[in-house]
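A.B. asks: Here the protein sequences line up with chains C and W, keeping their order. When the first sequence is numbered by the numbering used here, its final residue is 636 and no position is left out of the sequence of numbers. When the second sequence is numbered by the numbering used here, its final residue is 251 and no position is left out of the sequence of numbers.
Hints in this document: simulated from the structure, not taken from any laboratory. It should be emphasised that the depicted structure is a prediction, and the values quoted were computed from it without experimental measurement. For each residue, glycine too, the CB sits at the ideal point set by N, CA and C. There could be a bad hint or two in this list.
[To be verified] Partial list, computed: chain C residues near chain W (C-beta under 8 Å): (1) I3; (2) E4; (3) R14; (4) H28; (5) A30; (6) V33; (7) F38; (8) S59; (9) V64; (10) A529.
[To be verified] Covered stretches of chain W (in silico footprint by chain C; criterion: 3 or more residues with CB under 8 Å from a CB of chain C, positions within the stretch not fixed): (11) 93-104; (12) 219-225; (13) 231-244.
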Amino acid sequence: MAIEQVEVTDFFQRHKPFSDIPQQELSHLASRVEIAYFKAGSPILTFGQDNQHWFVIRSGAVEVFRRDGELYNRLGEGNFFGELGLMRNRPVRFPVVALEDTLVYLIDAGTFNHLFDNDEQFADYVEIEDRSRLRDPSRDKKDNDSLLTAKVEKLIGQLPLILPPNTSVQEAALRMTEEGVSSVLISNEQAPVNQVSTENTDDDTEDEPVIGIVTDVDIRSRFVAQGLDLSTSVTDIMTSQLNTVQSNQYVFEAMMLMLKHKVMHLPVLKNSRPIGLISHQDILRYESQNSLFVVKSIFSAQNVDELATLKEEVHACFSRMVDEDANSQMIGSAMAVIGRSFKQRLLELAEEKYGPPPIPYCFLALGSMARDEQLIVTDQDNALVLDNRFEPKVHDEYFSRLANFVCDGLDRCGYTYCKGGIMATNKKWRQPLNVWEQYFTQWIEKPTPETLLNSAIFFDLDGVWGKKAWAEKLNRLIRQKAYKNSRFLACMARNALLRTPPLGFFKDFVMETDGRQTNSINMKRRGTAPIADLIRVHALSVGAKGRNSFSRLSDVIDAKILPPGRGADLRDALEFIAMVRIRHQAFDLEMNRVPDNDIEPEYLSDFERKNLRDAFQILSDAQKYMKYRYQPGRHL
Amino acid sequence: MFYLDKSTLQDKPDLRRLGKGTDWGGEYAKRQKNARYPGLKRFYAQGAVSGDTPIGEAPLVALDFETTGLNPKTDSIVSIGLVAMTAQRIRCAQAQHWIIKPDTELKSNSVVIHGITHSDVADAPSFNRVLDELLEHLQGKVVVAHHKDIETRFLNSAMKHYIGEEIVFPCIDTMALEARFSRTLKRTFLRSLLGQKTPSIRLTDCRTRYHLPYYRQHNALTDATACAELLQAQIATHYSDEATPISAIWC
């Protein structure tokens with residue numbers, strides 16, 4: 001029987017990851033520890049030392065250093081160190097020195113490895129290098145059945161009705177009535193199914209298994225109302241160029257597709273075969289207070305006052321998504337869609353009020369909205385691209401009014417004015433397309449400190465209203481010019497290094513890299529923004545098309561410009577930091593506080609602290625790599 | 001263990017001629033010859049730690065007793081806790097904890113202190129049943145205790161009762177050590193002028209001085225461990241474990 005070390009056992013019970021170990025095993029563990037005392041200032045582990053123990057700090061505090069003497073971390077009661085060497089069976093790489101008088105409990109390598117190999121939770125908590133812990137929160141939630149995390153196939157009821165292209169509209173109508181369905185898919189039987197899965201080209205010319213869809217509405221408006229002959233082929237009234245979803249995509253993604261393309265039905269494919277059809281109703285039937293519902297309310301609001309009342313609903317939708325364990329991408333893009341909808345509705349209202357525009361224009365969303373990474377604490381960054389025929393004296397009054405209407409409206413709807421004045425109300429950011437093209441060209445070819453800051457904001461741009469093709473044109477210009485210009489990339493990289501992550505946490509403080517301690521941390525400024533900046537630089541260098549940080553990152557990973565594994569680490573770090581920020585905002589909402597980005601470490605769980613520390617470390621390493629990669633004069 | 005002044009101890013030490021300058025090697029050899037009880041003979045046969053062994057290399061064992069009261073003549077041991085250690089490591093895997101059936105009545109006022117009840121001791125072994133094992137844990141080591149007189153006197157009293165023989169060994173008293181460090185403080189004129197009290201040398205207070213965590217007292221094993229940690233802290237603070245011989249701190 002194990003001799004009971006009461007105090008040691010009690011201590012373990014109070015601290016993760018030991019507290020999850022069954023009581024009996026814990027007593028056994030406690031009866032095997034070794035105890036050592038280190039006077040403040042004395043070395044605990046030295047570089048190159050062969051260490052066979054895992055160190056858990058019982059009291060006091062230690063400092064962990066890099067080999068070059070740079071402070072790496074500061075640890076206090078309940079924290080641990082030395083696991084790296086044990087897992088890799090390597091000598092000590094990070095020397096440790098007692099910062100205060102410190103008592104440590106040591107667990108021998110054999111016991112540590114046994115726990116590590118046999119207790120998954122324990123291993124997940126301890127493991128640092130592998131970073132797999134960062135991926136865990138989503139893994140824990142795999143059982144969750146919510147629609148936001150559910151796959152599309154869950155919504156599919158019966159098999160879809162599929163008819164060949166040579167079917168007449170009358171025949172289709174009969175079959176639809178027989179089957180009791182409101183839509184039918186048209187499939188080209190001549191096209192063999194396999195042919196589809198050959199290399200995807202970037203355009204839309206590949207063979208589609210489904211060539212079109214005909215709905216009740218199509219039969220009414222494109223057939224009966226047009227008085228066409230009964231023998232008309234379904235291909236004449238069908239909607240072609242279909243958007244489809246894969247059965248293993250998230251319901252959420254299907255929702256976004258419907259919103260984006262304003263369609264009510266989506267064919268569901270599995271292995272290139274249509275296996276079902278989901279409709280707007282299918283989703284709405286289950287979800288009432290989701291983003292679609294909010295978007296619907298936005299578009300039915302009759303004036304700015306009504307729009308402003310929807311702020312609450314946006315918050316409710318946000319909180320609900322957090323509750324349902326949606327990931328940061330889902331939340332970020334849902335909030336961006338909502339933000340975009342506000343803009344669109346405000347522009348409709350503005351055009352009603354001031355009349356149709358004298359020349360075409362495109363209203364731009366910039367920054368987080370364009371990246372589909374919007375949260376609820378957000379200011380408005382927007383701009384106007386005007387037709388090249390723009391003559392200030394003739395046209396500007398109209399666009400100035402329009403911009404003021406939209407920006408004032410956004411402010412009332414919860415999107416505060418941009419402090420840096422990056423709004424369409426600012427004449428500088430209300431320019432014809434050719435001026436914008438000059439702006440971007442100049443920013444890339446002759447960067448100055450000021451224009452670099454602009455670049456960071458304007459290079460995430462998306463058209464939300466009007467001539468959206470112009471937004472695409474500007475994006476194309478950025479893509480084509482930036483990657484060739486290594487001086488510009490070097491400047492962007494340097495700029496992206498201005499915002500550094502903190503070192504981690506020590507007791508209830510955030511630790512800065514210079515050893516200072518502060519009591520709160522801005523998760524946007526110190527976390528998500530620096531990662532987005534960093535990813536943007538890499539994305540520009542490989543000419544990535546995406547604007548969302550995750551999609552940019554996957555392009556960057558595909559381009560293999562990062563050391564192996566670093567891209568995935570960065571993705572997990574971004575997801576984790578974003579989720580801590582999101583949960584913090586949701587918590588503020590729940591507590592009826594004004595949500596913000598500032599997090600006090602005392603409110604973080606042990607798990608969050610530990611993972612945030614790791615995530616910041618990943619970001620810091622990634623910044624170091626970026627600094628190296630984009631050194632001026634270095635060939636990419 | 002109980003914390004009390006030396007004056008409250010109610011018997012006189014029999015071993016007063018042994019102390020700092022003792023030639024433990026010779027003492028052990030002599031006693032090995034004279035010992036009648038086989039366990040005790042074996043204990044001495046293992047030899048004593050040489051006095052010039054550096055502190056850092058000396059094998060130590062921290063020892064603590066819980067007792068039914070304060071008088072070794074009328075009270076007895078109810079539990080024994082010990083843990084093997086060095087100046088660098090305390091090895092919980094080499095720890096032992098016994099509940100002992102006392103051969104005197106378990107007093108309710110002591111039950112309040114150590115929490116060992118009548119039902120706990122009902123099936124417990126008597127002292128002589130654990131003696132051989134206890135001696136094995138102590139042999140070849142320097143014993144560490146906080147206020148060692150309690151442990152040495154109760155141990156000798158019990159051994160005398162059961163085997164009719166007593167035992168001697170080199171011992172480090174963390175309380176005496178602490179008194180040594182604080183004595184210099186005590187003499188300071190300024191201190192008395194400022195009305196500052198002599199620092200307490202109770203185990204918990206000593207530990208606080210070295211920033212050791214708070215441990216609940218009166219579990220013999222916990223107290224032994226707490227005492228072991230205190231000695232590590234004292235050594236780390238006041239001595240060099242490579243240069244100082246163990247004889248500088250034993251008595």
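A.B. asks: All hints, please: hold or fail.
C.D. replies: Hints versus structure:
Interface restraint check: I3 of chain C against chain W, minimum CB-CB distance 5 Å, threshold 8 Å, status holds. Restraint check, E4 of chain C versus chain W: the minimum CB separation of about 7 Å is within 8 Å; hint holds. Nearest Cβ of chain W to the Cβ of R14 of chain C: about 11 Å, over the 8 Å cut. The hint is violated. The restraint placing H28 of chain C at the interface with chain W is violated, with a minimum CB-CB distance near 10 Å, outside the 8 Å limit.
With its C-beta approaching chain W no nearer than about 7 Å, A30 of chain C sits inside the 8 Å limit, and its interface hint holds. At a threshold of 8 Å, the smallest CB-CB gap from V33 of chain C to chain W is about 5 Å, leaving the interface hint in force. Among the interface hints, the one on F38 of chain C holds; its C-beta lies about 7 Å from the nearest C-beta in chain W, closer than the 8 Å criterion. Against a cut-off of 8 Å between C-beta atoms, the interface hint on S59 of chain C holds, since the closest Cβ of chain W lies about 4 Å away.
For V64 of chain C, the interface hint is violated, since its Cβ never comes within 8 Å of a Cβ in chain W; the closest pair sits about 20 Å apart. Checking A529 of chain C against chain W: minimum C-beta separation of about 40 Å lies over 8 Å; hint violated. With 4 residues bearing a CB less than 8 Å from a CB of chain C, the region 93-104 of chain W meets the requirement of three and the coverage assertion stands. Chain C is given as covering the region 219-225 of chain W, and this holds because 4 residues of the stretch bring a CB closer than 8 Å to a CB of that chain, at least three being needed.
For the region 231-244 of chain W, the assignment as covered by chain C holds, since 4 residues bring a beta-carbon within under 8 Å of that chain's beta-carbons and 3 suffice.
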